[in-house]
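So the protein sequences, as listed, match chains A and B.
Note that the working numbering numbers the first sequence so that position 87 is 87, with each residue one more than the last.
Note that the working numbering numbers the second sequence so that position 41 is 41, with each residue one more than the last.
No lab work stands behind these hints: they were computed from the structure.
Do not rely on the hints blindly, as some may be mistaken.
Said to hold, decoys possible - Simulated coverage check for chain A against chain B, where a stretch passes if three residues somewhere in it have a Cβ under 8 Å from a Cβ of chain B:
| # | segment |
| --- | --- |
| 1 | 4 to 13 |
| 2 | 30 to 37 |
| 3 | 84 to 91 |
| 4 | 100 to 109 |
| 5 | 187 to 199 |
As the structure is a computational prediction, the values presented were derived from the model and not from experiment.
Ideal Cβ placement from N, Cα and C applies to all residues, glycine included.
Chain by chain, the residues run as shown.
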Amino acid sequence: MWIIKGLRKGVITSDYPKKVSDDELSPSFPLKAPAECPFGAVEDGKFDLKRCISCRLCSVPFGRKLDVDEVTNPLNFKRSLHVFFLDVGTCHACNREVAQLHSPYYDVHRLGIFFTPTPKHADVLLVAGCPTDGMIPVLKEAYELMPEPKRVLVLGACSSGALCERKVEDFVPVDGYVAGCPPNPVQIIRGLLKMAGRDVE
Amino acid sequence: MKALSAIFKKGGKYLTVWLDYNTGKAELEFRDSLPDRKIAPALIGETGAYMKIPPGTNAVPLTFGPAAGGLGQAGAFEILTYGERIVAIRPVYGYKRRGLERAMLNRPIDESLAVLERATGNFAMAYTYAFLKAVEANPDEEVWEVRKVLLELERLYNHFNAIHKLAGAASQKVATMHFHALEEDVLRIFSRLTGHRYGFGANRPGEVRILEPKAMERLRGIKEEFHSLREELLESKIFIDRLHTTCRLTREDVMELDAVGIAARGSSVPRDVRTFDRFYSYKPVTCKDGDALARLMIRIGEVEKSFEIIEGSEVRSVRSDPSLKDGLNLGLAEASHGDVLVLAELEGGRLRWIGLRGASRINYVAFAKGITGNIFTDFPFGLESFGLNFADADLWQGGED
Ligand code: SF4
Ligand code: SF4
Numbered sequence: 001m002w003i004i005k006g007l008r009k010g011v012i013t014s015d016y017p018k019k020v021s022d023d024e025l026s027p028s029f030p031l032k033a034p035a036e037c038p039f040g041a042v043e044d045g046k047f048d049l050k051r052c053i054s055c056r057l058c059s060v061p062f063g064r065k066l067d068v069d070e071v072t073n074p075l076n077f078k079r080s081l082h083v084f085f086l087d088v089g090t091c092h093a094c095n096r097e098v099a100q101l102h103s104p105y106y107d108v109h110r111l112g113i114f115f116t117p118t119p120k121h122a123d124v125l126l127v128a129g130c131p132t133d134g135m136i137p138v139l140k141e142a143y144e145l146m147p148e149p150k151r152v153l154v155l156g157a158c159s160s161g162a163l164c165e166r167k168v169e170d171f172v173p174v175d176g177y178v179a180g181c182p183p184n185p186v187q188i189i190r191g192l193l194k195m196a197g198r199d200v201e
Numbered sequence: 001m002k003a004l005s006a007i008f009k010k011g012g013k014y015l016t017v018w019l020d021y022n023t024g025k026a027e028l029e030f031r032d033s034l035p036d037r038k039i040a041p042a043l044i045g046e047t048g049a050y051m052k053i054p055p056g057t058n059a060v061p062l063t064f065g066p067a068a069g070g071l072g073q074a075g076a077f078e079i080l081t082y083g084e085r086i087v088a089i090r091p092v093y094g095y096k097r098r099g100l101e102r103a104m105l106n107r108p109i110d111e112s113l114a115v116l117e118r119a120t121g122n123f124a125m126a127y128t129y130a131f132l133k134a135v136e137a138n139p140d141e142e143v144w145e146v147r148k149v150l151l152e153l154e155r156l157y158n159h160f161n162a163i164h165k166l167a168g169a170a171s172q173k174v175a176t177m178h179f180h181a182l183e184e185d186v187l188r189i190f191s192r193l194t195g196h197r198y199g200f201g202a203n204r205p206g207e208v209r210i211l212e213p214k215a216m217e218r219l220r221g222i223k224e225e226f227h228s229l230r231e232e233l234l235e236s237k238i239f240i241d242r243l244h245t246t247c248r249l250t251r252e253d254v255m256e257l258d259a260v261g262i263a264a265r266g267s268s269v270p271r272d273v274r275t276f277d278r279f280y281s282y283k284p285v286t287c288k289d290g291d292a293l294a295r296l297m298i299r300i301g302e303v304e305k306s307f308e309i310i311e312g313s314e315v316r317s318v319r320s321d322p323s324l325k326d327g328l329n330l331g332l333a334e335a336s337h338g339d340v341l342v343l344a345e346l347e348g349g350r351l352r353w354i355g356l357r358g359a360s361r362i363n364y365v366a367f368a369k370g371i372t373g374n375i376f377t378d379f380p381f382g383l384e385s386f387g388l389n390f391a392d393a394d395l396w397q398g399g400e401d
């Protein structure tokens, strides 16, 4: 019976990276640089998207945006990518978005992306949250345990210092970020593909 | 009987909140020492007292988490096993202490709310509901009607998530995927309705902001799909067997631990703050068995009730008087896992002090009680049946102690 249910539902998996639908992006991203931000996303007149919590309290237009990441130091992989997810102090929404990567809607296995239960088998440390006292040693240790070549991709505004005093890059070298609060699953996939040195869109 | 609902520190004393779940009457009491209730240490974030190692045991407890062990979040349990059996266990709090409570203070109230939404993202509708309940001076019926729908939608996706995780723990691979997809379906409705997948930005003083009311039409398809999945899931004997008698809480356990929400209702204690919420007319779903299956059946019953509540309301943007009350005020909301409590002190329309108590802070202790004596392989079934998270458990207070 489950098989019939599955067939009836048809294919629901995202077409991303070929194309992205409106349903896969929430319209909460600033489309222009605001002049001021109460949460520190504007400093010395410069807008820093990675610190924007998408609160929509500033007076700029908001909408859907896929390109909310920056990867400064990608891997050059022709093979599958292994990822260890580490929560260092999230509100749990980022965890839910990462978990959705395994749902039939996003199914990252189709893209050769696999999550590992230990940093020892990971190419990428995917970190979300404000680093708390209890998680800083865990973050450092997870990074140490990873084999070379290794990269760190941070997710979400609070990992870049919005809302809290610390940021992930204070403790481990960061090679890229995906902005958002939380980032949408397709945006996370985009960041991971870029980190693997693969084509996006 | 009154339950001990929260403890904060204020003005050099303990500030305790007692709640009568029959009438909704809350009592605040300042005292010098912790009250003599089992849950009291957990309410101030200390759980060492719950680790009861049997005399004569030389085994050393194992820590499960905060990164390893598959919890998927920054939290941990200290566990002592004898062979396969869990002999003693406690949740370890503190890994998620982010200090967001402090970040909420002394700002324009819209900003405080934006921070509050990011305290526990998947219960944001519940926390903003409770906060605005506490502070709005002239609550408007029409605004609250829409907030109620958002709260019920949040319940839907969280209940679907809990069922997805329970099915996953039992290796019901197809069912777990279907329920995960249903969770995403509701998040997509949220995204269209509010511009945000978790509804951040929708609830503001005197106002509820809706961008695309038409998105609610998708709910009909979700309801039909849920009905068909429910039948299928409950026919799986393997699945039901894994939940039956697992992680049992008796009615006495609930009363002793002041447990809330689904944990209480699963053991026939009808604690549900919607019962006395003036914007609801609600009779709680209860079950008497107290096991993981009872908690699943409650979720299934509540999904149905949420659909009914949502169908009876119109979702649209509404604006009313945004005035706020100064002073110390309390608000409650029934989230998908249990009630969340907000105690807010405003002065000149700004937040000066805040106390937050999530259901997770209490119910992790109830889970630990229920799972003691079970075998370790039952751990995920027990845990997922409560639908808790550590971001919620670690919330506490901001402002002077
Ligand atoms: S955090 Fe809010 S106010 Fe700041 S830039 Fe982002 S949307 Fe605008
Ligand atoms: S970035 Fe936003 S959504 Fe993600 S954990 Fe931080 S507060 Fe939550």
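Here is what the structure says about each hint:
1. For a cut-off of 8 Å, the count of residues in the segment 4 to 13 of chain A with a CB near a CB of chain B stands at 4, and the three-residue condition holds.
2. Counting residues of the segment 30 to 37 of chain A whose C-beta sits closer than 8 Å to any C-beta of chain B gives 0, which falls short of three, so the coverage hint is violated.
3. Using a Cβ-Cβ cut-off of 8 Å, 7 residues of the segment 84 to 91 of chain A lie near chain B, which meets the minimum of three, so the contact claim holds.
4. Here's how the segment 100 to 109 of chain A fares: 5 of its residues keep a CB closer than 8 Å to some CB of chain B, so the rule of at least three is met and the hint holds.
5. Coverage of a stretch by a chain is defined here by at least three residues with a beta carbon nearer than 8 Å to that chain's beta carbons; for the segment 187 to 199 of chain A and chain B the count is 0, and the condition is violated.
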